[in-house]
Amino acid sequence: MSVSSPVDTNSKNLLPHDDHSCEKFFTPSSRYGINTLHTSSVVEQSEKVEDENYVWMKMQEEAKVDVIVEPILSSYYYVSILSQKTLETALANHLAVKLSSVSLPSTTLSDLFVRILESDKEIMYAMKNDLKAVNERDPACISHVHCFLNFKGFLACQAHRVAHNLWSNGRKILAVMIQNRVSEVFGVDIHPGAKIGSGILLDHATGIVVGETAVIGNDVSILHGVTLGGTGKAHGDRHPKIGDGVLIGAGTCILGNIKIGDGAKIGAGSVVIKEVPPRTTVVGNPAKLIGGKNNPIKLDKIPSHTMDHVAHISEFYDYVI
Amino acid sequence: MSVSSPVDTNSKNLLPHDDHSCEKFFTPSSRYGINTLHTSSVVEQSEKVEDENYVWMKMQEEAKVDVIVEPILSSYYYVSILSQKTLETALANHLAVKLSSVSLPSTTLSDLFVRILESDKEIMYAMKNDLKAVNERDPACISHVHCFLNFKGFLACQAHRVAHNLWSNGRKILAVMIQNRVSEVFGVDIHPGAKIGSGILLDHATGIVVGETAVIGNDVSILHGVTLGGTGKAHGDRHPKIGDGVLIGAGTCILGNIKIGDGAKIGAGSVVIKEVPPRTTVVGNPAKLIGGKNNPIKLDKIPSHTMDHVAHISEFYDYVI
Amino acid sequence: MSVSSPVDTNSKNLLPHDDHSCEKFFTPSSRYGINTLHTSSVVEQSEKVEDENYVWMKMQEEAKVDVIVEPILSSYYYVSILSQKTLETALANHLAVKLSSVSLPSTTLSDLFVRILESDKEIMYAMKNDLKAVNERDPACISHVHCFLNFKGFLACQAHRVAHNLWSNGRKILAVMIQNRVSEVFGVDIHPGAKIGSGILLDHATGIVVGETAVIGNDVSILHGVTLGGTGKAHGDRHPKIGDGVLIGAGTCILGNIKIGDGAKIGAGSVVIKEVPPRTTVVGNPAKLIGGKNNPIKLDKIPSHTMDHVAHISEFYDYVI
Numbered sequence: 001m002s003v004s005s006p007v008d009t010n011s012k013n014l015l016p017h018d019d020h021s022c023e024k025f026f027t028p029s030s031r032y033g034i035n036t037l038h039t040s041s042v043v044e045q046s047e048k049v050e051d052e053n054y055v056w057m058k059m060q061e062e063a064k065v066d067v068i069v070e071p072i073l074s075s076y077y078y079v080s081i082l083s084q085k086t087l088e089t090a091l092a093n094h095l096a097v098k099l100s101s102v103s104l105p106s107t108t109l110s111d112l113f114v115r116i117l118e119s120d121k122e123i124m125y126a127m128k129n130d131l132k133a134v135n136e137r138d139p140a141c142i143s144h145v146h147c148f149l150n151f152k153g154f155l156a157c158q159a160h161r162v163a164h165n166l167w168s169n170g171r172k173i174l175a176v177m178i179q180n181r182v183s184e185v186f187g188v189d190i191h192p193g194a195k196i197g198s199g200i201l202l203d204h205a206t207g208i209v210v211g212e213t214a215v216i217g218n219d220v221s222i223l224h225g226v227t228l229g230g231t232g233k234a235h236g237d238r239h240p241k242i243g244d245g246v247l248i249g250a251g252t253c254i255l256g257n258i259k260i261g262d263g264a265k266i267g268a269g270s271v272v273i274k275e276v277p278p279r280t281t282v283v284g285n286p287a288k289l290i291g292g293k294n295n296p297i298k299l300d301k302i303p304s305h306t307m308d309h310v311a312h313i314s315e316f317y318d319y320v321i
Numbered sequence: 001m002s003v004s005s006p007v008d009t010n011s012k013n014l015l016p017h018d019d020h021s022c023e024k025f026f027t028p029s030s031r032y033g034i035n036t037l038h039t040s041s042v043v044e045q046s047e048k049v050e051d052e053n054y055v056w057m058k059m060q061e062e063a064k065v066d067v068i069v070e071p072i073l074s075s076y077y078y079v080s081i082l083s084q085k086t087l088e089t090a091l092a093n094h095l096a097v098k099l100s101s102v103s104l105p106s107t108t109l110s111d112l113f114v115r116i117l118e119s120d121k122e123i124m125y126a127m128k129n130d131l132k133a134v135n136e137r138d139p140a141c142i143s144h145v146h147c148f149l150n151f152k153g154f155l156a157c158q159a160h161r162v163a164h165n166l167w168s169n170g171r172k173i174l175a176v177m178i179q180n181r182v183s184e185v186f187g188v189d190i191h192p193g194a195k196i197g198s199g200i201l202l203d204h205a206t207g208i209v210v211g212e213t214a215v216i217g218n219d220v221s222i223l224h225g226v227t228l229g230g231t232g233k234a235h236g237d238r239h240p241k242i243g244d245g246v247l248i249g250a251g252t253c254i255l256g257n258i259k260i261g262d263g264a265k266i267g268a269g270s271v272v273i274k275e276v277p278p279r280t281t282v283v284g285n286p287a288k289l290i291g292g293k294n295n296p297i298k299l300d301k302i303p304s305h306t307m308d309h310v311a312h313i314s315e316f317y318d319y320v321i
Numbered sequence: 001m002s003v004s005s006p007v008d009t010n011s012k013n014l015l016p017h018d019d020h021s022c023e024k025f026f027t028p029s030s031r032y033g034i035n036t037l038h039t040s041s042v043v044e045q046s047e048k049v050e051d052e053n054y055v056w057m058k059m060q061e062e063a064k065v066d067v068i069v070e071p072i073l074s075s076y077y078y079v080s081i082l083s084q085k086t087l088e089t090a091l092a093n094h095l096a097v098k099l100s101s102v103s104l105p106s107t108t109l110s111d112l113f114v115r116i117l118e119s120d121k122e123i124m125y126a127m128k129n130d131l132k133a134v135n136e137r138d139p140a141c142i143s144h145v146h147c148f149l150n151f152k153g154f155l156a157c158q159a160h161r162v163a164h165n166l167w168s169n170g171r172k173i174l175a176v177m178i179q180n181r182v183s184e185v186f187g188v189d190i191h192p193g194a195k196i197g198s199g200i201l202l203d204h205a206t207g208i209v210v211g212e213t214a215v216i217g218n219d220v221s222i223l224h225g226v227t228l229g230g231t232g233k234a235h236g237d238r239h240p241k242i243g244d245g246v247l248i249g250a251g252t253c254i255l256g257n258i259k260i261g262d263g264a265k266i267g268a269g270s271v272v273i274k275e276v277p278p279r280t281t282v283v284g285n286p287a288k289l290i291g292g293k294n295n296p297i298k299l300d301k302i303p304s305h306t307m308d309h310v311a312h313i314s315e316f317y318d319y320v321i
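Listed in order, the protein sequences are those of chains W, A and X.
For the first sequence, the residue numbers in UniProt numbering are 1 to 321.
For the second sequence, the residue numbers in UniProt numbering are 1 to 321.
For the third sequence, the residue numbers in UniProt numbering are 1 to 321.
Wrong hints could be hidden among the right ones.
Unchecked claim - Cross-link-like lysine to any residue pairs, in silico, SDA-like; alpha carbons within 20 angstroms at most:
#1 Lys-274/X with Ala-311/A
#2 Lys-233/W with Asp-138/X
#3 Lys-172/X with Leu-73/A
#4 Lys-233/X with Ile-142/A
#5 Lys-259/X with Asp-308/A
#6 Lys-132/W with His-235/A
#7 Lys-233/W with Ile-258/W
#8 Lys-301/X with Gly-232/W
Unchecked claim - Calculated from the model, a selection of chain X residues having no Cβ within reach of chain W, i.e. all distances over 10 angstroms:
#9 Met-57
#10 Ile-116
#11 Lys-121
#12 Glu-212
#13 Pro-278
#14 Gly-291
#15 Gly-292
Unchecked claim - Distance ranges between label pairs, derived from CB positions:
#16 Gly-291/W with Asn-135/X: 43 to 49 angstroms
#17 Leu-82/A with His-235/X: 26 to 32 angstroms
#18 Lys-64/X with Tyr-78/A: 40 to 46 angstroms
#19 Gly-232/A with Lys-298/W: 15 to 21 angstroms
#20 Val-102/A with Ala-234/W: 40 to 46 angstroms
Calculated directly from the structure, the hints in this document are not laboratory data.
Please read all numbers here as calculations on a predicted model, not as lab measurements.
Each residue gets a CB set at the ideal place from its N, CA and C atoms; glycine is no exception.
The whole structure should be built from the sequences, with the hints applied where relevant.
What follows is the structure in structure tokens.
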């Protein structure tokens with residue numbers, strides 16, 4: 001089963017955003033969600049449709065307000081949002097315009113993208129959750145339209161979902177071409193083979209590198225300059241596996257086929273080459289467990305949601321008065 | 001008062017470049033200059049005009065020599081420099097060409113930029129000081145024209161000044177759109193809310209990230225890959241405050257609403273999550289004070305001017321014979 | 001003698017890829033190969049021609065297969081590969097298209113590049129070795145055409161070779177303009193004065209910065225986010241010298257005019273400001289010798305070939321069970 005399958009939305013409902021308690025998040029079924037995700041039920045499917053329409057309607061409303069405030073953007077908003085029939089065509093068009101070049105016209109890319117987005121419902125489901133994630137976790141995000149039009153981490157992630165579809169269907173040449181255009185245009189280099197869940201925030205995003213056999217769970221927040229890298233030149237499973245709810249700080253390198261447990265937090269600038277237990281915090285170069293190996297401090301909130309980069313780390317690093 | 005206001009140019013005259021003594025730089029009035037800057041006098045205003053004209057005349061002379069040496073560039077130099085009436089129109093046009101896209105034509109952007117640059121004199125004042133800063137501190141800089149046409153750190157900084165003007169005047173949608181084009185084109189992601197002083201060098205610049213409530217003082221040098229980041233997802237004042245004369249080495253993360261004192265030096269690859277006293281050097285992950293907490297070594301030169309990344313650090317790091 | 005001169009290909013033949021033994025690699029003549037490289041013999045020259053034709057013929061075959069699999073790419077492949085007479089014109093055209101802008105038309109750049117590539121045989125020799133290096137060391141590389149069309153590290157390196165030719169021939173204005181377009185388009189900032197050997201892999205490449213007086217030997221692998229930086233603002237020799245066969249992990253900063261010995265390995269995220277002996281491993285911030293100063297562990301394989309980022313480091317970093 002693909003990692004981009006929708007997760008049980010019930011388990012998400014157990015996570016009130018006021019609280020961010022981890023207790024119910026870390027149920028046995030969601031631990032290492034990267035392995036235990038299950039397909040969505042009929043009820044969830046209908047919720048999905050409503051949700052998707054809600055997002056698209058909201059985006060169109062926001063766009064209408066924006067062009068009243070800034071008529072200078074009318075043409076841009078018309079082409080990108082207001083003239084589009086569906087969220088699928090809007091996304092296909094916007095990605096195509098961004099990734100096109102003299103060699104790859106936007107019409108060619110747009111046709112290709114829209115076919116994939118209309119046939120692969122999991123991409124649209126995940127994309128909607130990504131939009132929500134950016135809105136909820138990034139205080140710099142003004143609106144859905146703001147994220148959709150501008151956030152290169154969001155756009156790079158959606159382009160990757162398309163490239164992953166192509167890769168999984170044997171169209172490797174196109175997949176790697178998209179990967180490389182995304183790397184040129186957004187500075188984000190995700191191998192099309194990588195499996196990425198939903199509810200993903202790639203914040204700022206410049207310099208992110210994700211290798212071929214990496215797996216990223218659901219509700220993960222990754223800052224710019226993060227590497228999920230391999231080691232050695234052998235083929236085969238050689239990249240990190242990131243659990244659900246993980247927060248990875250800016251400039252961190254995680255190398256090799258190692259597990260980062262659900263709800264773990266990796267401090268900025270860390271170098272991680274060994275497994276990290278669930279709900280713990282590691283930091284430093286080399287990364288060390290906050291609280292020590294035998295009794296590491298356990299996080300009681302989901303770090304990818306709180307986006308708290310320094311809790312526990314701050315006390316640990318008592319180096320300046 | 002805005003941080004981009006001109007500083008007292010007299011205090012700059014007290015800093016002979018042969019000497020770089022800090023004694024007069026760190027006067028009470030300039031300490032945490034981010035809070036104590038005062039508006040320029042009439043004398044300074046007239047000096048400003050002369051200075052600006054000097055820079056513009058010098059750039060045109062350099063451009064004329066360049067096209068004699070490389071006729072291949074005649075058309076490019078004509079459009080960018082030689083046909084332009086003022087430094088304002090030249091900058092507006094050059095930024096517009098760089099940041100334009102299918103969706104945002106360069107004429108639209110150029111009209112917008114020139115209106116802002118002609119009305120906001122502080123931007124042009126700061127821009128001129130940035131040009132000087134690059135010329136004085138970066139040995140790889142050949143000429144003013146070289147910097148003006150090519151240095152993406154310089155161009156990203158000027159685009160930010162325009163975006164900050166828009167942001168401060170309530171035109172947030174345009175401001176964040178410029179922010180994101182700068183992030184795509186130059187790999188530099190500065191939130192338009194951030195306040196940045198003058199005499200700024202963003203060297204190499206790829207991967208720089210500056211958050212919404214960050215404040216950067218005057219005469220600061222920041223290398224590529226530096227993050228001035230927030231922590232948590234709450235709105236409000238959450239990013240670093242960088243004093244005057246600070247040097248921040250490549251790849252460093254400074255996180256949270258903490259002060260980096262005037263004239264401090266942060267070594268490359270550091271992670272800083274606590275206040276750094278003025279004129280001290282911190283380095284490492286986690287960053288540590290060189291000389292120790294109780295008796296840190298005090299710098300006697302302005303690190304952003306000397307660009308000396310290893311003095312004191314080198315002795316401290318005696319790890320290889 | 002230029003560092004981009006061909007190395008003795010016999011010494012390469014002594015390195016069976018199954019083995020990667022260092023014994024014959026680290027002969028006295030190849031130690032600090034950056035200083036001791038010698039020009040190629042007549043025999044090697046004829047080998048070069050055959051090799052180059054082999055690569056070009058192979059690329060055309062691959063391209064023909066690719067367009068059968070993906071007819072959508074026919075036009076792109078025709079212009080980039082299939083209609084090109086030689087590898088020189090193909091490279092000149094492809095780089096020109098990537099680096100062109102409104103200000104710098106691709107035809108102007110293409111004419112300039114093809115003249116340099118057809119007159120400077122060392123560039124084509126080095127480029128061919130770079131293609132081989134990517135194919136041999138990067139498991140994500142599908143084919144020669146895949147690398148040639150897409151890998152921004154590869155393309156940035158070739159653009160640098162052209163810019164270095166211009167710089168060495170006194171055409172500094174054009175050289176720095178190419179440098180800065182490469183920095184904008186690929187996020188790779190290599191000063192045109194830097195000397196770079198052959199068989200170079202710049203993997204992922206975003207954020208790489210190489211200073212003016214840096215020297216990189218042969219068969220070197222450098223990951224994204226690596227800085228070979230200077231210190232201070234004085235002109236003169238101020239950047240690192242990287243020996244043959246070195247592997248530099250992601251996000252590492254090497255600062256100042258220091259030597260990194262042949263066959264050394266620098267772990268990801270390291271900060272290196274002192275000399276590193278040949279065949280040793282350093283890691284951390286500040287970087288430390290694995291095994292200690294007096295008895296560092298010596299590598300018996302060439303790290304740039306094995307691309308093993310964690311051997312020895314993993315044991316050293318026993319911080320999580």
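Cross-check of the supplied hints:
no.: 1; hint: Lys-274/X with Ala-311/A; verdict: holds (12 angstroms)
no.: 2; hint: Lys-233/W with Asp-138/X; verdict: holds (6 angstroms)
no.: 3; hint: Lys-172/X with Leu-73/A; verdict: holds (13 angstroms)
no.: 4; hint: Lys-233/X with Ile-142/A; verdict: holds (13 angstroms)
no.: 5; hint: Lys-259/X with Asp-308/A; verdict: holds (19 angstroms)
no.: 6; hint: Lys-132/W with His-235/A; verdict: holds (17 angstroms)
no.: 7; hint: Lys-233/W with Ile-258/W; verdict: holds (17 angstroms)
no.: 8; hint: Lys-301/X with Gly-232/W; verdict: holds (12 angstroms)
no.: 9; hint: Met-57; verdict: holds (19 angstroms)
no.: 10; hint: Ile-116; verdict: holds (22 angstroms)
no.: 11; hint: Lys-121; verdict: holds (28 angstroms)
no.: 12; hint: Glu-212; verdict: holds (23 angstroms)
no.: 13; hint: Pro-278; verdict: holds (22 angstroms)
no.: 14; hint: Gly-291; verdict: holds (16 angstroms)
no.: 15; hint: Gly-292; verdict: holds (16 angstroms)
no.: 16; hint: Gly-291/W with Asn-135/X: 43 to 49 angstroms; verdict: holds (45 angstroms)
no.: 17; hint: Leu-82/A with His-235/X: 26 to 32 angstroms; verdict: holds (29 angstroms)
no.: 18; hint: Lys-64/X with Tyr-78/A: 40 to 46 angstroms; verdict: holds (44 angstroms)
no.: 19; hint: Gly-232/A with Lys-298/W: 15 to 21 angstroms; verdict: holds (19 angstroms)
no.: 20; hint: Val-102/A with Ala-234/W: 40 to 46 angstroms; verdict: holds (42 angstroms)
The earlier numbered hints are all upheld by this structure, with none contradicted.
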